[in-house]
Amino acid sequence: MQKDHASMSRILVTGATGFVGGHVAATLHDDGVPLRLLVRPSSDRSRLPRTIRRALDARSDAVELFEGDLTKADSLEDVCEGVDALIHCACAVKGTFDESQESSHIFMEVNVEGTRNLAERAADAGIRMVHLSSTAAMGPVTDTRVDETTECVPQAPYQISKRQAELALLELHEQRDLDVVILRPCLILGPGKDGGEPLKLFNLARFGLFPKIGGKMTQTKPLVDVRDVVAACAAALERGRTGEVYLIHSDGGHTLEEILEVTRRLVGSRRSGIPIPTLPVRVASHGFEAMAAAIPTFNPPITPGRLDLLLADRNISVAKARRELGFDPKEQDLYEMLGRTYVGYVRDGQLNP
Numbered sequence: 001m002q003k004d005h006a007s008m009s010r011i012l013v014t015g016a017t018g019f020v021g022g023h024v025a026a027t028l029h030d031d032g033v034p035l036r037l038l039v040r041p042s043s044d045r046s047r048l049p050r051t052i053r054r055a056l057d058a059r060s061d062a063v064e065l066f067e068g069d070l071t072k073a074d075s076l077e078d079v080c081e082g083v084d085a086l087i088h089c090a091c092a093v094k095g096t097f098d099e100s101q102e103s104s105h106i107f108m109e110v111n112v113e114g115t116r117n118l119a120e121r122a123a124d125a126g127i128r129m130v131h132l133s134s135t136a137a138m139g140p141v142t143d144t145r146v147d148e149t150t151e152c153v154p155q156a157p158y159q160i161s162k163r164q165a166e167l168a169l170l171e172l173h174e175q176r177d178l179d180v181v182i183l184r185p186c187l188i189l190g191p192g193k194d195g196g197e198p199l200k201l202f203n204l205a206r207f208g209l210f211p212k213i214g215g216k217m218t219q220t221k222p223l224v225d226v227r228d229v230v231a232a233c234a235a236a237l238e239r240g241r242t243g244e245v246y247l248i249h250s251d252g253g254h255t256l257e258e259i260l261e262v263t264r265r266l267v268g269s270r271r272s273g274i275p276i277p278t279l280p281v282r283v284a285s286h287g288f289e290a291m292a293a294a295i296p297t298f299n300p301p302i303t304p305g306r307l308d309l310l311l312a313d314r315n316i317s318v319a320k321a322r323r324e325l326g327f328d329p330k331e332q333d334l335y336e337m338l339g340r341t342y343v344g345y346v347r348d349g350q351l352n353p
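In our numbering, the protein residues as written are 1 to 353.
Keep in mind that the hints are not guaranteed to be accurate.
Below, simulated DMTMM-like cross-link-like pairs (lysine to aspartate or glutamate); rule was C-alpha separation at most 20 Å, straight line [said to hold, decoys possible]:
| no. | residue 1 | residue 2 |
| --- | --- | --- |
| 1 | LYS320 | GLU238 |
| 2 | LYS200 | GLU336 |
| 3 | LYS200 | GLU258 |
| 4 | LYS221 | ASP328 |
| 5 | LYS320 | ASP143 |
| 6 | LYS330 | ASP143 |
| 7 | LYS320 | ASP147 |
| 8 | LYS320 | GLU151 |
| 9 | LYS221 | ASP251 |
| 10 | LYS320 | GLU331 |
| 11 | LYS221 | GLU331 |
| 12 | LYS330 | GLU238 |
| 13 | LYS212 | ASP313 |
| 14 | LYS216 | GLU258 |
These aren't lab readings, by the way, just hints derived from the structure by calculation.
Work out the full structure: start from the sequences and follow the hints.
This is the structure we're talking about:
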């Protein structure tokens, strides 16, 4: 067990200009934890959390910026010097379901090689690394009950990159004694997201265009509030077993029908969606997949793996995280989680009220 994160001299956080990394950095800062934030030279600093920007403007010692690029190993040489731990949230995530060959290259360069570069520095410094992975690393798993022992079968480029990053870290754990804890949250909700699946859902629901494929809407879909993900990161720093993986979600089952109903209420729509038979979508998905293999820049709107994922029940167990991390998700109200996400999209100009 590590020492309490609040007593650490400084924690390194990556991805602070992004969604989860921003929430992690803001929460740790509010808890009085000194931070070092890894930012690319080209990063938009205005995307840092407001409290972080204020600390930087005041030239407070509470927040340090370290300029570096995950894909350039030599720029990370001193990034872990003088810190007690690392929470790695940065990754290439835009176009999570983009299956073009071009996106595949970006995902592998940032999510795999970039993570390995950073982990090498953490191993050099002998510090704990909490790595924010994703259930995407498991691929379109269709098991009714999913836990950390479920076989990973990633198919899409993003999924493959997240799993390859995990394997690279576990290899460094074995070869260099890297102290690493891996978290796999499911779809994360909350304010501050830049696009993503929830935004697509809000737009589809507003115009009644959500595809009810096969008429089935009773399948369970795992969701988690970003505040619970932040709490899981802190718990992993203090109590996570090195070399272990933990699934993270709200531990509350929500069906696709319930998710769509709440989404419709938030956007003020009475339209329920478009029923579509499964067979033509299945046939089209195989055709789109073949096109993506032949055309490097083509991003298929649907693939067989994504269709399987949409139709499958996904009951994810967080028993291991509860038992070993003391993880206790507080945010389980679907309207609250989706509502905060909706308000964030409207506030950031990504969605019309």
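Results for each hint:
1. LYS320 - GLU238: 15 Å, holds
2. LYS200 - GLU336: Holds - the C-alpha atoms of GLU336 and LYS200 are around 18 Å apart, at most 20 Å.
3. LYS200 - GLU258: Answer holds: LYS200 to GLU258 is near 16 Å, not above 20 Å.
4. LYS221 - ASP328: 19 Å, holds
5. LYS320 - ASP143: 18 Å, holds
6. LYS330 - ASP143: Judged against 20 Å, a Cα distance of about 26 Å means the pair is violated.
7. LYS320 - ASP147: 8 Å, holds
8. LYS320 - GLU151: 16 Å, holds
9. LYS221 - ASP251: Within the cut-off at roughly 11 Å; holds.
10. LYS320 - GLU331: 18 Å, holds
11. LYS221 - GLU331: 15 Å, holds
12. LYS330 - GLU238: Holds. LYS330 to GLU238 sits at ~19 Å (cutoff 20 Å).
13. LYS212 - ASP313: 15 Å, holds
14. LYS216 - GLU258: Holds. LYS216 to GLU258 sits at ~12 Å (cutoff 20 Å).
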